[in-house]
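Going line by line, the protein sequences match chains A and B.
Everything in the first sequence is counted per numbering that gives the first Met the number 0, starting at 0 for the first residue and increasing by one.
Everything in the second sequence is counted per numbering that gives the first Met the number 0, starting at 0 for the first residue and increasing by one.
Hints are computed from structural coordinates only; laboratory data are not their basis.
Don't be surprised by glycine CBs; every beta carbon is placed ideally from N, CA and C.
Treat the hints with care, since some could be wrong.
Looking from chain B toward chain A, a few residues come up when the C-beta cut is under 10 Å (computed) [what the hints assert, rightly or not]:
1) 89
2) 99
3) 104
4) 108
5) 128
6) 299
30 Å max Cα-Cα, derived DSS-like pairs, lysine-lysine [claimed, not checked]:
7) A:64 / B:285
8) B:248 / A:172
9) B:285 / A:35
10) A:150 / B:97
11) A:163 / A:35
12) B:203 / A:143
13) A:86 / B:203
14) B:103 / A:143
15) A:86 / A:37
16) B:103 / A:35
17) A:40 / A:172
18) A:75 / B:286
19) A:143 / B:97
20) A:86 / B:286
21) A:35 / A:86
Across the chosen pairs, the derived CB separations fall in these ranges [as the list claims (entries may be wrong)]:
22) B:177 / A:150: 28 to 34 Å
23) A:41 / B:256: 38 to 44 Å
24) A:55 / B:218: 40 to 46 Å
The residues making up each chain are set out below.
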Amino acid sequence: MNRLLFVLTGIFSLFFFASAGMAGAEKLWVSSADAKLKADKTASADTIAELPLGTPLTLLSSDSKWYQVSTASGKKGWIYRGKVSNKPPAKSATAGTSLGSALGQLTGSGIKANQSDTSRSIRGLSPEAEVYAAENGTPEECRKALDSVLKSRTDRNETETFLKQGNIGEYAK
Amino acid sequence: MKSEKEADNIPGFSKERRDFLRLAGAAGLLMITPGCLAEAVKMADPQGQSKDLQKAVKILEGAGAMAASAGELDYQSEFAIGETLALEGFRRYGLPVKDSGVQKYVSLVGNAVARNSARPNIPFYFVVVNSPIYNAFSCPGGIIFVSSALVRAMEDESQLAGVLAHEAAHVGHRHALQSVKRAKFFEGVAKIGDAAMKGEKGKKFKEMIGTLQNVLFDRGLDQNMEYEADMSGMEIAYRTGYDPEGLIKVLEILNEKEATARKEGSWFSTHPPLSARIARCRERMKKYPDAGSLASVRERFAFYRNRF
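Please model the complete structure; the sequences and the hints are all you need to start from.
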């Protein structure tokens with residue numbers, strides 16, 4: 000009987016401490032684009048995984064501007080503090096909603112949010128902006144200016160290189 | 000599952016309760032948005048025989064339109080509104096500075112901060128326009144303007160990052176659209192069929208754009224939105240790795256220039272008083288005890304600023 004009591008107490012203690020440990024673990028969420036899980040607390044370390052927006056993480060420890068975290072799948076590594084938040088990002092953080100296109104239905108432009116990047120250089124301004132420009136006598140130079148702005152994209156590699164050259168964020172020395 | 004005829008004859012249930020049960024059943028299947036609920040009600044009464052259910056359809060469709068107007072407009076429509084305002088922005092403030100190096104530099108600073116904004120997954124666009132007015136503004140969807148005068152007044156990259164982060168915060172919070180959420184254009188927008196831009200809807204679109212122009216270029220956004228963009232902007236700059244005090248420095252520089260600067264269409268006239276903004280931002284700095292160790296990047300900024 001005593002032995003049974005001992006075993007049961009042991010099991011309950013294990014359960015209690017495990018639960019307490021889980022409850023105490025701080026949760027974080029990836030809240031920036033282009034977040035990477037690094038093998039060490041430096042931007043030059045190997046990338047273990049690229050973490051999409053909203054990925055839940057468990058904080059294990061911190062050192063200066065870096066957090067040691069684990070993912071739900073058990074991957075452990077380091078992430079720069081600016082890439083995470085203690086609240087999950089809003090659902091509206093990603094482009095588009097379920098309500099459909101208010102303007103697309105007006106003019107039949109029908110370009111979806113996730114197509115907007117690739118279709119931009121082909122289609123120019125949106126039909127709504129074209130109609131507005133035509134009806135309001137918008138100077139051609141303004142249309143050309145906007146078109147050139149929309150065609151000039153900055154990709155993530157350029158941004159990373161730029162931050163590295165400026166010793167900014169995770170690239171700070 | 001009972002057939003429609005059987006459901007009509009459930010003993011002990013009044014007509015209203017039967018209508019309610021139909022509605023509840025259909026809604027349970029499609030309970031996502033008020034617009035979907037409206038569709039569910041239509042399914043429950045496809046012939047439109049019940050006046051009560053038809054009333055419910057109208058109420059729910061109205062709610063759907065309200066939801067759409069409350070800043071949840073789809074990205075494509077939001078961006079088209081932004082494009083239209085950007086056209087007006089060029090007309091009103093000036094054309095882009097003709098230096099692709101300067102434009103690229105500002106885009107890089109802007110994109111570096113924008114990916115830490117509340118909407119990191121949408122593409123952002125940044126442009127410096129030739130204008131003597133101290134101003135920066137953001138169009139819905141992520142087209143962000145900054146005037147050459149404002150950039151010239153700055154001293155380092157953290158200051159530019161602070162201003163661009165403030166503008167990215169407006170886009171992240173959909174502040175401009177929130178300002179016109181009651182515009183007639185958005186009424187019933189979730190169910191528009193094949194109406195043309197030249198029709199009544201087109202007229203309402205132009206009215207809404209006119210209101211937005213007034214908000215962005217003349218009247219300014221709600222003061223609380225500006226304070227929120229200041230706080231969010233500092234946070235975005237900090238998370239990127241820039242000293243968040245950069246934004247405060249810009250406000251202080253503008254404070255010195257206010258007496259002699261042109262006010263119309265500038266940050267002076269469209270934003271809350273600088274002293275109040277500076278005080279709030281200074282208070283916020285307590286959140287960032289290690290701000291002084293973050294990047295300011297003076298030399299690179301000076302290189303590009305001196306080009307125009």
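Structure-based check of each hint:
This hint holds: residue 89 of chain B has a C-beta 4 Å from the nearest C-beta of chain A, less than the 10 Å allowed. Taken as an interface hint, residue 99 of chain B checks out: its beta carbon lies about 8 Å from the nearest beta carbon of chain A, inside 10 Å. Restraint check, residue 104 of chain B versus chain A: the minimum CB separation of about 9 Å is within 10 Å; hint holds. Against a cut-off of 10 Å between C-beta atoms, the interface hint on residue 108 of chain B holds, since the closest Cβ of chain A lies about 8 Å away.
Proximity of residue 128 of chain B to chain A holds as hinted, the smallest CB-CB distance being about 8 Å (cut-off 10 Å). With 10 Å as the threshold, the beta carbon of residue 299 of chain B comes within range of chain A, its nearest partner Cβ sitting at about 6 Å, so the hint holds. Of the supplied pair hints, the one linking residue 64 of chain A and residue 285 of chain B holds, its CA atoms being roughly 17 Å apart against a limit of 30 Å. Between residue 248 of chain B and residue 172 of chain A the CA atoms are separated by roughly 24 Å; this keeps the pair inside 30 Å, and the hint holds.
Simply put, residue 285 of chain B and residue 35 of chain A have alpha-carbon atoms about 29 Å apart, close enough for the 30 Å limit, and the pair holds. Taking the CA atoms of residue 150 of chain A and residue 97 of chain B, the gap is about 15 Å. The hint holds against a cut of 30 Å. About 15 Å separates the Cα atoms of residue 163 of chain A and residue 35 of chain A, which keeps this hinted pair within 30 Å; it holds. For the hint linking residue 203 of chain B to residue 143 of chain A, the alpha-carbon distance of about 26 Å falls within 30 Å, and the restraint holds.
Straight-line distance between C-alpha atoms of residue 86 of chain A and residue 203 of chain B comes to about 38 Å, which puts the hinted pair past the 30 Å bound. In summary, the hint linking residue 103 of chain B to residue 143 of chain A is supported, as the alpha carbons are separated by about 17 Å, within the 30 Å threshold. Straight-line distance between C-alpha atoms of residue 86 of chain A and residue 37 of chain A comes to about 21 Å, which keeps the hinted pair within the 30 Å bound. Annotation: proposed proximity of residue 103 of chain B to residue 35 of chain A holds, straight-line Cα distance about 25 Å (limit 30 Å).
Between residue 40 of chain A and residue 172 of chain A the CA atoms are separated by roughly 12 Å; this keeps the pair inside 30 Å, and the hint holds. At roughly 28 Å between alpha-carbon atoms, residue 75 of chain A and residue 286 of chain B fall within 30 Å of each other, so this suggested pair holds. At roughly 13 Å between alpha-carbon atoms, residue 143 of chain A and residue 97 of chain B fall within 30 Å of each other, so this suggested pair holds. Proximity of residue 86 of chain A to residue 286 of chain B is assessed by CA-CA distance (about 17 Å); at most 30 Å being required, the pair is judged to hold.
Taken as a hint, the residue 35 of chain A and residue 86 of chain A pair is honoured in the structure, with Cα atoms around 18 Å apart against an allowance of 30 Å. For residue 177 of chain B paired with residue 150 of chain A, a C-beta distance near 29 Å keeps the hint of 28 to 34 Å intact. For residue 41 of chain A and residue 256 of chain B, the Cβ-Cβ distance of about 41 Å falls inside the hinted range of 38 to 44 Å, so the restraint holds. About 42 Å separates the C-beta atoms of residue 55 of chain A and residue 218 of chain B, a value consistent with the hinted range of 40 to 46 Å.
The structure shown violates just one earlier hint, number 13.
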